[in-house]
Amino acid sequence: MTLTSVSLSRRQALKGASAFALTLVAAGLLAPQAHADAKMVEEAIKKLVKGTPEEGKIKLDLPQIAENGNTVPVGFEVDSPMSKDDYVKSVHVFAEGNPSPDVASFQFTPACGKAACSTRMRMRGTQNVVVVAEMSTGKVYMAKQQVKVTIGGCGG
Amino acid sequence: MANVKPRVRVPKKAKKGEIVEIKTLIEHKMETGIRKDKKGNIIPRKIVNRFESRFNGNLVFSSDWHPAVSANPYLSFHMLADESGEFEFKWIEDGGAEFTKKAKMTVS
Amino acid sequence: MAFTPSKFIFTALALAVGFAGTASAADKNWGKYQVEDRRSGFTYATKETQAIQEDNFQNPGMIWVDQGEELWNKVDGKAGKSCASCHNDPSSMKGVATVYPKYNEKAKNLDNIETRINRCREENMQAEPWKYESSQLLAMTVFVRHQSLGMPMNVKVDGAAAPHFEKGKAFYYQRRGQLDMACKHCHEDNPGGQLRANTLSEGQTNGFPTYRLKWQKVGSTHRRFRGCNKQVRSTPYKYASDEYLDLELYVAWRGRGLPVETPAVRN
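Residue numbers (the numbering used here), protein chains in the order written: chain A, 6 to 161; chain B, 702 to 809; chain C, 2 to 268.
Read the hints as simulated data drawn from the structure, not as lab findings.
Hints are supplied without guarantee of correctness; some may be wrong.
[Said to hold, decoys possible] Short derived list, chain C residues pointing at chain A, Cβ under 10 Å:
1. 46
2. 47
3. 50
4. 53
5. 82
6. 85
7. 199
8. 213
9. 216
10. 266
11. 267
[To be verified] Stretch-level coverage of chain A by chain B, calculated; a stretch enters the list once three of its residues show a Cβ under 8 Å from a Cβ in chain B:
12. 96-104
13. 108-116
14. 124-133
Each residue gets a CB set at the ideal place from its N, CA and C atoms; glycine is no exception.
Please put together the full structure from these sequences, using the hints given.
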């Protein structure tokens, strides 16, 4: 049941909403300001990697629903032999709905044995996370997943 | 952030050819540079922007971080155990301050 | 206007929290995180948040455990003592967290771990007390409570503690603030329900000081009480106030038998 589904005057609705939304604004993450979008992520990818990304090779480990946008676990593993001639050079993580599209980049060497990482990221609301992997062979792969970020009602 | 103590977990022993997981955690606010204080002034950005992992002096893995990396950054990654030696982990903060931690691993 | 804004808010809240969604979770076996009908906040967290807590390396609250250990051995104050000078190994603190808050005969009041640490600093170390919610007091509180990890909460509520327990209980059931809500409306009547997208818990304190994703650091029970009080739009009490010490005792009793989880990880 959402607040807006109850028939109310505008004033009542605003008051009701503000009771719950106050802390979110204070948290800063939800402050109304410009944010990245799919296009900005595309441009950011172009800046960092050459070639058109293909689908595949990347396995993402992201929650479907994140309890809190401050700390969203994000993990990936890129399928690669990690040999001298064929390894994952780098992986870039982008967010389509954050104030800036860049999240983190990871540089690998064959000595890593495996191109898999996990970390935690901030997400300003529900959005797509885009992960791009650059191989030493010049191939580029991409994976994308939406993460729903719940909006807290309480939480002091 | 003068007294930052990174935490790392690496296996003390590994078999040659084994892929080991390395976990790291460092206390840091990761101040984004877009938050405002109570007076409405922007709080300046201060994040750890880079992490490097060396083994016996060779750079094996590195990572560049932006303000979207969560506070108290956690990172796990892997390395192929080939020879015994010492890890050196380095975190670099905006402004150039560095935090380091070393750990040994015996490979048999 | 059919009703006043505050009544509307409460109605909306009551609708929003509802009772849906509690059935499936209630059937689950929560193991050590449930004692009789009492469930730790762990059981209301998402599996990702649970995973962060359960891996004692991933758990960012462990940073404060490390800091507390360092402070334990650090000499401070005119007496030239550290915690270790009297208490030796931190394992001497095993079980301590389970019985706090506890009545202090000399002070004629309750002590929680925080005020007890500061009492020790002032009386035995002749050191300045740490500010409530300072990084040092949080670190030492986390460190001391962590020594009892997994042990069941077991506070004493009779004898000299009884009047404090009664006051704490009265606080728990007292409506307050613009929303006119008591602790019990969320945490006794509606755990498992939704407050917008947040899942309400029983409001147990066995994992405190807890690393909250929202705070991006650890925070004390009293910080959480203040937050709750502000959310119902009442004026929060001060850290270490008599009101919150009494409430802390009552809430600790509500969670009797639940394991100490400090530092827990919560939304």
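Results for each hint:
1. 46: holds, 7 Å
2. 47: Constraint on residue 47 of chain C satisfied, holds at 4 Å.
3. 50: With Cβ-Cβ at 5 Å, under 10 Å, it holds.
4. 53: holds, 7 Å
5. 82: Violated, about 37 Å.
6. 85: violated, 34 Å
7. 199: holds, 5 Å
8. 213: Since chain A brings a Cβ to about 8 Å from residue 213 of chain C, closer than 10 Å, the hint holds.
9. 216: holds, 9 Å
10. 266: holds, 9 Å
11. 267: The hint holds - residue 267 of chain C has a Cβ within 10 Å of chain A, the shortest such distance being about 9 Å.
12. 96-104: Coverage by chain B holds here, the residue count being 3 at a Cβ distance below 8 Å.
13. 108-116: holds (count 9)
14. 124-133: With 5 residues in contact (Cβ-Cβ under 8 Å with chain B), the coverage given for the stretch 124-133 of chain A holds.
In the structure shown, a violation is registered for the earlier hints numbered 5 and 6, in ascending order.
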